[in-house]
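**Student:** Taken in order, these protein sequences are the chains called A and B.
When we follow numbering that gives the first Met the number 0, the leftmost residue of the first sequence carries the number 0, and every step to the right adds one.
When we follow numbering that gives the first Met the number 0, the leftmost residue of the second sequence carries the number 0, and every step to the right adds one.
These aren't lab readings, by the way, just hints derived from the structure by calculation.
Don't take every hint at face value.
Pulled a few chain A residues facing chain B out of the computed Cβ check, cut under 10 Å [as the list claims (entries may be wrong)]:
no.: 1; residue: ALA4
no.: 2; residue: ILE8
no.: 3; residue: GLY24
no.: 4; residue: SER37
no.: 5; residue: TRP117
no.: 6; residue: VAL118
no.: 7; residue: TRP122
no.: 8; residue: ALA136
no.: 9; residue: GLY140
no.: 10; residue: LEU141
Pairwise CB distance ranges, derived in the manner of DEER restraints [said to hold, decoys possible]:
no.: 11; chain 1: A; residue 1: LEU93; chain 2: B; residue 2: PHE58; range: 42 to 48 Å
no.: 12; chain 1: A; residue 1: LEU40; chain 2: B; residue 2: TRP124; range: 40 to 46 Å
no.: 13; chain 1: A; residue 1: LEU15; chain 2: B; residue 2: ALA42; range: 43 to 49 Å
no.: 14; chain 1: B; residue 1: ALA156; chain 2: A; residue 2: THR114; range: 54 to 60 Å
no.: 15; chain 1: B; residue 1: GLY20; chain 2: A; residue 2: LEU15; range: 24 to 30 Å
no.: 16; chain 1: B; residue 1: ALA19; chain 2: A; residue 2: ILE53; range: 18 to 24 Å
no.: 17; chain 1: A; residue 1: VAL11; chain 2: B; residue 2: VAL39; range: 39 to 45 Å
no.: 18; chain 1: B; residue 1: MET35; chain 2: A; residue 2: SER88; range: 16 to 22 Å
no.: 19; chain 1: B; residue 1: ILE115; chain 2: A; residue 2: VAL62; range: 19 to 25 Å
no.: 20; chain 1: A; residue 1: LEU15; chain 2: B; residue 2: VAL39; range: 36 to 42 Å
no.: 21; chain 1: A; residue 1: LEU133; chain 2: B; residue 2: ALA96; range: 18 to 24 Å
Just so it is clear, CB atoms sit at the ideal spot from N, CA and C, and this is done for glycine as well.
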Amino acid sequence: MKKSALYAIPIVYLLLYTLMILLSGVWLFLLSQGLASSHSLLLTLNDIIQMPEIKSIKGLIEVATPHLFAMGGLIFVSAHLMLFSTKVSKKVALFVSATLFGFALLDIFSYFMITLGWVVLGWIKLLALLGFLLVFAVLLGLLSVSL
Amino acid sequence: MKFLVTKEPAGTKLITSLMAGVVFFIILYLGFDVVMHAYVIGADIQSVTLTLVGDSENFIEPVLIDTLLLQVHIDLFVTLFALMILTSIFIRFHERASITRWMVHLVFSLGMMTPILLIVAYLGWIWLVPVWISAFVAWHLLACLMGVMVLKKVVFA
Numbered sequence: 000m001k002k003s004a005l006y007a008i009p010i011v012y013l014l015l016y017t018l019m020i021l022l023s024g025v026w027l028f029l030l031s032q033g034l035a036s037s038h039s040l041l042l043t044l045n046d047i048i049q050m051p052e053i054k055s056i057k058g059l060i061e062v063a064t065p066h067l068f069a070m071g072g073l074i075f076v077s078a079h080l081m082l083f084s085t086k087v088s089k090k091v092a093l094f095v096s097a098t099l100f101g102f103a104l105l106d107i108f109s110y111f112m113i114t115l116g117w118v119v120l121g122w123i124k125l126l127a128l129l130g131f132l133l134v135f136a137v138l139l140g141l142l143s144v145s146l
Numbered sequence: 000m001k002f003l004v005t006k007e008p009a010g011t012k013l014i015t016s017l018m019a020g021v022v023f024f025i026i027l028y029l030g031f032d033v034v035m036h037a038y039v040i041g042a043d044i045q046s047v048t049l050t051l052v053g054d055s056e057n058f059i060e061p062v063l064i065d066t067l068l069l070q071v072h073i074d075l076f077v078t079l080f081a082l083m084i085l086t087s088i089f090i091r092f093h094e095r096a097s098i099t100r101w102m103v104h105l106v107f108s109l110g111m112m113t114p115i116l117l118i119v120a121y122l123g124w125i126w127l128v129p130v131w132i133s134a135f136v137a138w139h140l141l142a143c144l145m146g147v148m149v150l151k152k153v154v155f156a
């Protein structure tokens, strides 16, 4: 980072908060898929793939709407800090953030595909969620390298 | 954040007015956040404990983990955005003060600890409720103080 070292402090906490937000988000998703009753992560993941919980379009829209703003905003805030970076090229930052926006969209809308009957199994939601988490981890890694 | 850091505030009336506006709104948000949590979670040790563990004698169910976790999820997100904006502006005006570093560390740590403490208290460590209340009030007061310090610089400079 080229500017004041003090600005590294909010960025470090941005990384920590983002991790906590992602963790609590995944936990919430697993709870909505029956984690509390099955008491097993593997069983819940298997249930999501084989027989995802039935959700109404209204319920999905209620979840998707705040996430469209929140995920878009969080990606923007995190990724724009790469503009300060002197260690990571802008091309790499652009590629990672564009991929992240793509996975975020897929993550938000993948359950619609299940509810609308376009896909029967829940693997697409898990794939989108995993992809989103992994690419976000890459972005956070790049940010921490840039500090 | 990049704009706040790179733009020279002394030269632009617009950016200082915008900073004053956003900080004023954040101070208002902090006040309302305390009131909102007092309604939703509780305003004292007894009411927070009642929300988290319920009362079987009076047939009061504890809050559902989904509901509490959703509140924590939202709190983390909103706190992050509010503190990122507030601390970015605060650092801009108090860069040279030695206490700035510690104030920023403290407000972020307490802001992050608070939702975690609430979940941990819910999961069985109910004795953490007073710690949660103290941490919650402390980070709101500290953030308010930082906001007032920024307003003092921006409005009365």
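**Student:** Give me the numbers of the hints this structure contradicts, sorted from smallest to largest.
**Tutor:** Of the numbered hints, 4, 5, 6, 7, 8, 9, 10, 11, 12, 13, 16, 17, 18, 20, 21 do not hold.
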